[in-house]
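Q: Next come the chains, spelled out residue by residue.
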Amino acid sequence: MSQKNKRSNADLLNRREILKGLATVPVLGFFFIKLWQKLRLDKLKKLNLLQDLIKDSKAPSIVKNIGNNDHLRVGIVGYGGRGGHLTRGLGFATPGWTSNAAERAKKNKLDKGFETFMSQTDLNCSLVGVCDLFDARAELGIAASKNEIRAGGKPKESAVRYKHYTDLVSNKDIDAIIIATPDHWHSRVAIAAAKAGKHVYCEKGLTRTFDETIELYDTVKETGITFQLGHQNRQVEAYEQAKKIINQGLLGPINLVQLTTNRNSPGGAWVWGIDPKGNAKTIDWETFQEPSPNKIPFGEEALRRFFRWRCWYDYGTGLSGDLFSHDFDQINQIMGLGIPKYASSSGGIYYYKDGRDVPDVWNATLEYPDKDLTVLYSATLSSLNSRGNRIMGHDATMQIGGESNTGSLGGFIVKADPYSTRYKDRIEKGVINSKYPIYSYAPGSKQIDGITSATSQYFANKGLLYTYRDGKRVDSTHLHVQDWLDSIRSNTLPACNIEEALHEGVTCHMATESYFQGRRIEWDPVNRTLV
Amino acid sequence: MKINLMKNDTYSESQLTGLVILRLLIGWHFLYEGISKIINPYWSSAAYLLDSKWVFSSLAKVIVANASMLSLTDFINMWGLTFVGLSLVLGLFSRYGALVGMGFVLLYYLFAPPFIGLEYGRPGEGSYIIVNKNLIEAFALYVLYLFPSSQFIGIDRLIYSSQSNSLGDK
Chain A
1 MSQKNKRSNA
11 DLLNRREILK
21 GLATVPVLGF
31 FFIKLWQKLR
41 LDKLKKLNLL
51 QDLIKDSKAP
61 SIVKNIGNND
71 HLRVGIVGYG
81 GRGGHLTRGL
91 GFATPGWTSN
101 AAERAKKNKL
111 DKGFETFMSQ
121 TDLNCSLVGV
131 CDLFDARAEL
141 GIAASKNEIR
151 AGGKPKESAV
161 RYKHYTDLVS
171 NKDIDAIIIA
181 TPDHWHSRVA
191 IAAAKAGKHV
201 YCEKGLTRTF
211 DETIELYDTV
221 KETGITFQLG
231 HQNRQVEAYE
241 QAKKIINQGL
251 LGPINLVQLT
261 TNRNSPGGAW
271 VWGIDPKGNA
281 KTIDWETFQE
291 PSPNKIPFGE
301 EALRRFFRWR
311 CWYDYGTGLS
321 GDLFSHDFDQ
331 INQIMGLGIP
341 KYASSSGGIY
351 YYKDGRDVPD
361 VWNATLEYPD
371 KDLTVLYSAT
381 LSSLNSRGNR
391 IMGHDATMQI
401 GGESNTGSLG
411 GFIVKADPYS
421 TRYKDRIEKG
431 VINSKYPIYS
441 YAPGSKQIDG
451 ITSATSQYFA
461 NKGLLYTYRD
471 GKRVDSTHLH
481 VQDWLDSIRS
491 NTLPACNIEE
501 ALHEGVTCHM
511 ATESYFQGRR
521 IEWDPVNRTL
531 V
Chain B
1 MKINLMKNDT
11 YSESQLTGLV
21 ILRLLIGWHF
31 LYEGISKIIN
41 PYWSSAAYLL
51 DSKWVFSSLA
61 KVIVANASML
71 SLTDFINMWG
81 LTFVGLSLVL
91 GLFSRYGALV
101 GMGFVLLYYL
111 FAPPFIGLEY
121 GRPGEGSYII
131 VNKNLIEAFA
141 LYVLYLFPSS
151 QFIGIDRLIY
161 SSQSNSLGDK
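Here the protein sequences line up with chains A and B, keeping their order. Position 223 of the first sequence, counting from 1, maps to 223 under my numbering, and the rest follow consecutively. Position 42 of the second sequence, counting from 1, maps to 42 under my numbering, and the rest follow consecutively.
Just chain B, with the same shape it has in the complex (with noise of 0.2 Å):
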């Protein structure tokens, strides 16, 4: 797919002021989740996995059943998250950085959804049918991804803009 920069589009001011916040917002939540992982010493995704219900509850139970498939998961988890939340604050990579958190998102929904009939461990934060906020967070990076800022509000637009300079100079 080729990347459109929308370097000669352009948002209307108010248009990229609402991007960029909601780039920022959800760029500080993951950045949060991921830095709250790698400080506690005791998190793991096990309490989450063997809580799964749907299609993916057995692969839950064979992560978890595998001490190092399980570690790797908490890897993959700790420092995922953390480092698409620095892409999204920093608009570096971001339009990357929202497809792979969405990714995130959505996985974290299909371990979990919201259907009816399925029963859950924990106590929910929300009241859910179907739709819940991990899938709304993922489309809202779907949007981040559709309607990326950080070219004009970001350390991209230092990175493509010397990239172009430097075309342009040839």
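The following block holds chain A by itself, in its conformation from the complex (with noise of 0.2 Å):
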């Protein structure tokens, strides 16, 4: 053998050695080329998609960008449940329910209740004072006034307790007020409140008959203060990606609009615990029920109303301001509708016949005739199959929450119509599969809550309790009230101003009145009357 055979022979072996170490790279490279490929699949569905919108889907941003070096004065009117809620947005929670919610987050790490209320942002407020005409509620807010577990640390001040809200409006050194009483006292004390100068942030629903939000509707406009109706959901980040997408006629023409309301529990029915405490000696009845049409003596029955007012049109609305309102809010944020031509509805009394008189089932019909809109509102309190709502157009469907929920708080998905003009094409070709959502927001996504109760999960996928700012989780409710002050300080309108609040009241009255008169209500704009 020459020396030349031996190296070649050599190279050979090394070169077969190479080959084989070498052998399962082309694999990869396989590998590659179909990732390759799969990326480019989906970035073309993507494109053909709604992903332009993705670029934009930056959260809103909510604070105005104002010093807010204006310390303001703050007075609340009702301080139930709700009262609570508003006060700990302002920054300002009772002893019991900071060591409640400490504890709970200690037990449970995925509850972040605590620790979303310790990060709100410090408004630059005091609680001054409290009016309610339940002591043991009043003396709860005035120790949530004073309460230093709080952003911010001690209060500048704290709260007086008012019997009368009268005495509370004509203080001259509180700049603002929250109403949070049972929707009969809200438009008496909102229009005390803005004829004395002082801001309104006023609860759902606006009032309890329709006059009534005339009447307010005006003062506010008269006196020009600055008024925020209590919709958080004005302040969550999914509605507002959810109207761009509306905004650039992605869905194609809406002609019909279904929302709902799914409950089935005692509490999500208004029915609620009797405070122990209250009495004839610690309740005022006689004011609570000053401007109700029907009076009742005080013992058992009053005390009843007094802690479930909302069953008893005498004091509410029922179904139509209590949660209708939540659900017309959010659609009127979204698509802009405004005060409906038309309003019927239907229900009645199916479940909880427990004396009260608003219906437990309820259904409401909007039209909208200039816009080829029908809104469909369907309400039951005895079943938890949660519908959701879904706006749905002729090229695509948009479903907020419901059993589509993509498992997110406050998300939203968009399906294809499968017969669809707009994505016709490229349904046709595969690009876009009318079973899977074209475009799904699910903001915090990578943020895990524990919402326990069955009430808060119906609050929170509504997007009614919890939003996020920049994949951060935030109590709507504090955004909403910072809306508020914010816009004292610059004296700029909030989100669910005065015009907003008008559309909600009149398209909840002309339901109701629809209820009570068996027949279709019209609203006639220019003489601002129902027919």
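None of these hints come from the bench; they were simulated from the model. Note that beta-carbon positions come from the ideal geometry of N, C-alpha and C, so glycine has one too. Possibly wrong hints are sitting among the right ones.
Below, in silico cross-link-like pairs of lysine-lysine (DSS-like), each with a Cα-Cα straight-line distance of 27 Å or less [said to hold, decoys possible]:
no., chain 1, residue 1, chain 2, residue 2
1, B, 37, A, 38
2, A, 109, B, 37
3, A, 435, A, 472
4, A, 43, A, 20
5, A, 415, A, 43
6, A, 154, A, 472
7, A, 43, B, 37
8, A, 341, A, 43
9, A, 43, A, 221
10, A, 341, A, 244
11, A, 109, A, 244
12, A, 34, B, 133
13, B, 61, A, 106
14, B, 133, A, 109
15, A, 172, A, 156
16, A, 415, B, 37
17, B, 53, A, 34
18, B, 53, A, 106
19, A, 146, A, 172
20, A, 38, B, 133
21, A, 163, A, 281
22, A, 472, B, 61
23, A, 107, B, 61
24, A, 109, B, 61
25, A, 472, B, 37
26, A, 154, A, 106
27, A, 38, A, 435
28, A, 277, A, 295
29, A, 107, B, 53
Here are the computed distance ranges between Cβ atoms for each label pair [as the list claims (entries may be wrong)]:
no., chain 1, residue 1, chain 2, residue 2, range
30, A, 16, B, 99, 23 to 33 Å
31, A, 499, B, 39, 41 to 51 Å
32, A, 433, B, 41, 18 to 28 Å
33, A, 436, B, 99, 31 to 41 Å
Put the complex together from the two separate chains, hints included.
A: Below you can see the structure in the form of structure tokens.
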């Protein structure tokens, strides 16, 4: 054998070694070719879908970038459950609440309630006045105003108890008033406050009657105060994103919107506990029932009505002002619908035959002939089958909450319609599959919350409890209160200002009137009357 | 443990082919599992962990509740799966790759075992009782560890042969 042959044999051997050593590298190459093909297809799909919106998915900036140097002094009328939540939004929780929340967080690491409260922005305000007709609640409000466990530490001032709202309203040192009374007191307190030059945050439903709505609207307009209606869904990031999608016409012509409420617990049906401390001495019952059409003497029945007032038309408007108002405002925020031309409604007391006079199953139809649109609302208090809200377009449907919930709070999905005109080509090419969402919005999807009670879950799915800013969980009530205070300081309009409030108020009253009268109600925008 | 390179032992050609194919298939699976997580900005192990049952469920909840532990877990999963995948496909340190991979899949199994009476929120992609695909993949990796193939087909062949050559030169 020559030297040359030996070397070539060695070369051959080496080459074979290398070949065997790298034999599987082509598999990796093949993998990356396939990966690239898949990514390219995904990208093409996204481009073809609604991906153009994702670029724009930055959280809306709620803080108006104004200094909050002006210290504001706030009073509250009505310190019930909702009042407590609103003052927490301001930065004042009762010592009982903070210790419970801290305890819960210790036991369950996923419970972020305490952390969310403590990381709230300090709104530079004090809670200086509490008015409640029930002593025990008023005392809680005062305790909350002094609690040092809060963002910003020790409060600058603490609250004084007012027996009657007129005394609170006439205090010149109070800048702004939160109204969280039952609905039958809203307009009286709000009108008095506006006339005294106080800014007003009023809980929904706006008023108990249609006439009160118009009177309140006119007063707010005349006095020029900053008015915010308590629909904290206005601060939900997902709805601002939904609005962009609708505005770009990506759902095509929309002719039907379906809104739902699904609850199935005594708490959800307003059968709330009767405080054992409640009696003739601790509750000012006569003042409570002063604005209501029917009066009853203090006793067992009065106690029930005091603590479960949502069950009677004497104090509220039932499902209309209490829950439909949330869904209406959500859709009004997303689609800018305004007041419908016609409304009709029907329902009955089918499950909770506990002496209430408001229906527990109630459906309303709103018609917008100039928009070629009908809005259907359907509510039950005896089934938790979560149907969600749907905006149904010819080209696509947007589902907010409900069974198709993306698993995250306050999210929504958009699915193309199999018979869509807009997406026809892409459906035929297989780029769009109408079975799967073409867009899904799940804010905070990398963050997990442990929300336990069924009612909390219900509100959270509707975006009423928490929303997300830059992926961080924030209490939407806090943002809504902040929006109001910022608007007061900068003399601008808050998110759910008096115009939006008028839409909510009139629409809800049209539907309620229809239930009472058993006929379709028409809105006359010129004379501002119900026909 | 002494690593037996089996340089002098041999597999039959079909045995070796079978082992290499198994290695490539599992490697491919790991690689895509890893890369798909890396390129998805929304991926998080949180949903899987929250659905955890049995002995590791409380540990899983502690991880999810702690943002930095969760992102560390996410990081380890994304890159760990990718590197195991590369190791198996390329035949580079494949024995270690197989062992680490087995560890990953065993953990997935133990965090959510298909035991009788344990119910999971997410829909299953098959029907399992005690044995599921994770357990099978874990033991397939154990087989790959016991019957390594990368010193015949894979970059390990070049590493080991250059090592034994240099040893031989001495």
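Q: Please go over all the hints and tell whether each is borne out by the structure.
A: Status of each hint after checking the structure:
1. 37(B) - 38(A): This hinted pair holds, its Cα atoms lying about 14 Å apart.
2. 109(A) - 37(B): Given that 27 Å is the threshold and the Cα spacing comes to 26 Å, the pair holds.
3. 435(A) - 472(A): Roughly 31 Å separates the two Cα atoms, so the pair is violated.
4. 43(A) - 20(A): violated (37 Å)
5. 415(A) - 43(A): At roughly 18 Å apart (the allowed maximum being 27 Å), residue 43(A) and residue 415(A) satisfy the hint.
6. 154(A) - 472(A): Cα-Cα ~25 Å, so holds.
7. 43(A) - 37(B): Given pair residue 43(A), residue 37(B) holds - Cα atoms ~16 Å apart, limit 27 Å.
8. 341(A) - 43(A): violated (44 Å)
9. 43(A) - 221(A): violated (51 Å)
10. 341(A) - 244(A): Holds. Residue 341(A) to residue 244(A) sits at ~25 Å (cutoff 27 Å).
11. 109(A) - 244(A): violated (36 Å)
12. 34(A) - 133(B): holds (24 Å)
13. 61(B) - 106(A): holds (13 Å)
14. 133(B) - 109(A): Roughly 31 Å separates the two Cα atoms, so the pair is violated.
15. 172(A) - 156(A): holds (18 Å)
16. 415(A) - 37(B): holds (24 Å)
17. 53(B) - 34(A): violated (35 Å)
18. 53(B) - 106(A): Holds, at roughly 21 Å.
19. 146(A) - 172(A): holds (21 Å)
20. 38(A) - 133(B): Roughly 25 Å separates the two Cα atoms, so the pair holds.
21. 163(A) - 281(A): holds (13 Å)
22. 472(A) - 61(B): Roughly 19 Å between the alpha carbons, so the hint for residue 472(A) and residue 61(B) holds.
23. 107(A) - 61(B): holds (12 Å)
24. 109(A) - 61(B): holds (8 Å)
25. 472(A) - 37(B): At roughly 22 Å apart (the allowed maximum being 27 Å), residue 37(B) and residue 472(A) satisfy the hint.
26. 154(A) - 106(A): holds (24 Å)
27. 38(A) - 435(A): Measuring from Cα to Cα gives roughly 20 Å; hence the hint holds.
28. 277(A) - 295(A): holds (22 Å)
29. 107(A) - 53(B): Judged against 27 Å, a Cα distance of about 18 Å means the pair holds.
30. 16(A) - 99(B): 23 to 33 Å: holds (29 Å)
31. 499(A) - 39(B): 41 to 51 Å: holds (45 Å)
32. 433(A) - 41(B): 18 to 28 Å: holds (22 Å)
33. 436(A) - 99(B): 31 to 41 Å: Hint holds: Cβ distance 38 Å, inside 31 to 41 Å.
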